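Since the structure of chain A is provided, determine the placement of chain B with the ligand on it from the hints.
One-letter residues, chain by chain:
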Amino acid sequence: MSVVMRYSTPAIVLHWLVALLIFAGFPLGVYMHELPLSPDKLKLYSYHKWIGVTVLMLVAVRLGWRLTHMPPPLPDGIAAWQRRASAITHGLLYGLMIAIPLSGWLMSSAKGFQTVWLGVLPLPDLVDKDKALGDLLAGVHQALNFTLLALVILHVAAALKHHFIERRPFLQRMAWGGKERT
Amino acid sequence: MRMTGLILLAALAAPAANAVEYQTVLPKQSTIHFEFRQMGVPIKGGFKRFTTQMTFDPAKPEAARAQIEIDLASIDAGSPEADDESAGKLWFNRSVHPKATFVSSQVRALGNNRYEMRGTLTLKGKSRDMVVPVTFAPGKNAATFDGAFVLRRLDFGIGEGMWADVNTVANEVQVRFRIAAIGN
Ligand code: HEM
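Sequence order for the protein chains is A and B. All residue numbers for the first sequence refer to the working numbering, where the first residue is 12 and numbers rise by one. All residue numbers for the second sequence refer to the working numbering, where the first residue is 11 and numbers rise by one.
It is possible that part of the hints are untrue.
Sample of chain B residues with no beta-carbon within 10 Å of chain A, all distances over it, derived [what the hints assert, rightly or not]:
1. S40
2. P108
3. V142
4. T145
Chain A is faced by these chain B residues, among others (derived, beta-carbon under 7 Å) [what the hints assert, rightly or not]:
5. M49
6. G50
7. V51
8. E91
9. D139
10. A174
11. D175
12. V176
13. T178
FYI, nobody ran anything at the bench for these hints, they're computed from the structure. Computed from a predicted model, the values in this text were never measured in an experiment. All C-beta atoms in this analysis are idealised placements derived from N, C-alpha and C, irrespective of residue type, glycine included.
If we strip away everything but chain B, and leave its shape as in the complex, we get:
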């Protein structure tokens, strides 16, 4: 009993002692949400299915990498009607481009658990470089990485033709994500 207790204690103490490398993502605790304005009305949505591969060691942030792949069919665009519409050619053209991907290229520490992640977002066959601020919170059970950025949908041809009118559906889409991960 005493022995097991000691091992348990050692195991619990270990993360604090040595730097942890966060590599195992917890999908159920990770989220991607977005919000945009339609006729001045805020519309909330998100993606339910996405996979994240990452490695992050607070001691070596420059070596961190992240890759996110989003299944566009898992969209909640605010209403069933909008979900259906978003699959079409003018929006995501989902039959040709079923996924969106983000691949990080560089991570820079800003201090205070805040980081700047650069990378490439590919949506509908178009790739754009993005700079995303990310806040890291170690947490008890899992660490979280929270980020938010503004995506201009027209940069990716999301909403073409009649939908390109930004007075009806705004160009700016506020994206917020949370990736939860545990260290090994």
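Okay, chain A solo, but in the shape it has when bound:
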């Protein structure tokens, strides 16, 4: 059995940290939206924003790392179109992981609520309070999120397919089981 090549440790840590935050922030966003106004709603909105800003910061670091560290080559036997599809999907995932928190931050400003990360670090309002813009950005934020949901499902399905159906130790690429490419 050949040794599985894996991503570097920082790439793996960042991948799972960001994935965890997204799996928490997404359902939170869907849930909090419908609540009647209450202190709990205000808290959940803040947590959701803090999660989003944290994702934005981590993804900035992650992109910096990615651009300076090549991922391990894909195993043999994966069709060319799948390699292309995976490159495109990963690119889109990165784009969305930046665009979604950004759209949320701008939406918040347009709705007249500054974003204060963890209640202590105020982010600048990049747009002025503007109801129409706020409503527009809310639509954009939602559309981007459902695009992300679809892509994540595709992404997870592809990873699981390579691993379980094609029976290759594929998930180890993003885990500590394999051997790090050096």
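Chain B with the ligand only, in chain A's frame:
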């Protein structure tokens, strides 16, 4: 022509010569704003409709009086959702207490056009004595009276029940007002 010019000149010079009594408030140039923190986020708001009755003579500040009545329905609480919420029983209970009033009781000169105004603020049926620093600026067209003070909302039962938690919505509300008035 010469005559009219002279009268005009005299009229313009008059305020400088004799002390003016400021009594006519200009509502369009007068404002009430407030700011508070919600989950650490500064939220700005204000009241658009309020009436002010006042009289102020810089030569006799002790005789000054002010009375402000605020229409709570004219609130901007930061968002339409918050505007609606603020009308409810837990907040202003606006159907029972539609107005807030401030009535001055004493004005003291601190020098340098600064004054200390004492008075009673009544909100939601509760009255509290307040001390408000006010700065007077004569100005060309209208004089302005700027004041700022911190109001603790829980002193007036503004935000009861679940909203009494000051970690979500802070107790302190920074209030700033400007009253513009002309003399007669
Ligand atoms: C249970 C959920 C997930 C599993 C099992 C999973 C698994 C994987 C695996 C195995 C890889 C390596 C792919 C390769 O070698 O080409 C990978 C890469 C990647 N994953 Fe996930 N992932 C999950 C969730 C997520 C989420 C929620 C996101 C973000 C929205 C995400 C974003 C990415 C990105 C951008 C890459 C490409 C890394 C690069 O090459 O720079 N993943 N994932």
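Each hint tested on the structure:
1. S40: Per Cβ check, S40/B is outside 10 Å of chain A; nearest 22 Å; holds.
2. P108: holds (21 Å)
3. V142: holds (27 Å)
4. T145: holds (28 Å)
5. M49: Result: holds, 4 Å to nearest chain A Cβ.
6. G50: Hint holds; G50/B Cβ to chain A Cβ min 3 Å, cut 7 Å.
7. V51: holds (5 Å)
8. E91: Holds. Min distance 6 Å.
9. D139: violated (30 Å)
10. A174: violated (9 Å)
11. D175: At about 5 Å, which falls below the 7 Å cut-off, the nearest Cβ of chain A leaves the hint on D175/B intact, so it holds.
12. V176: Where the cut-off is 7 Å and the nearest Cβ of chain A is about 10 Å from V176/B, the hint is violated.
13. T178: Because about 4 Å separates T178/B from the closest Cβ in chain A, which is inside the 7 Å limit, the hint holds.
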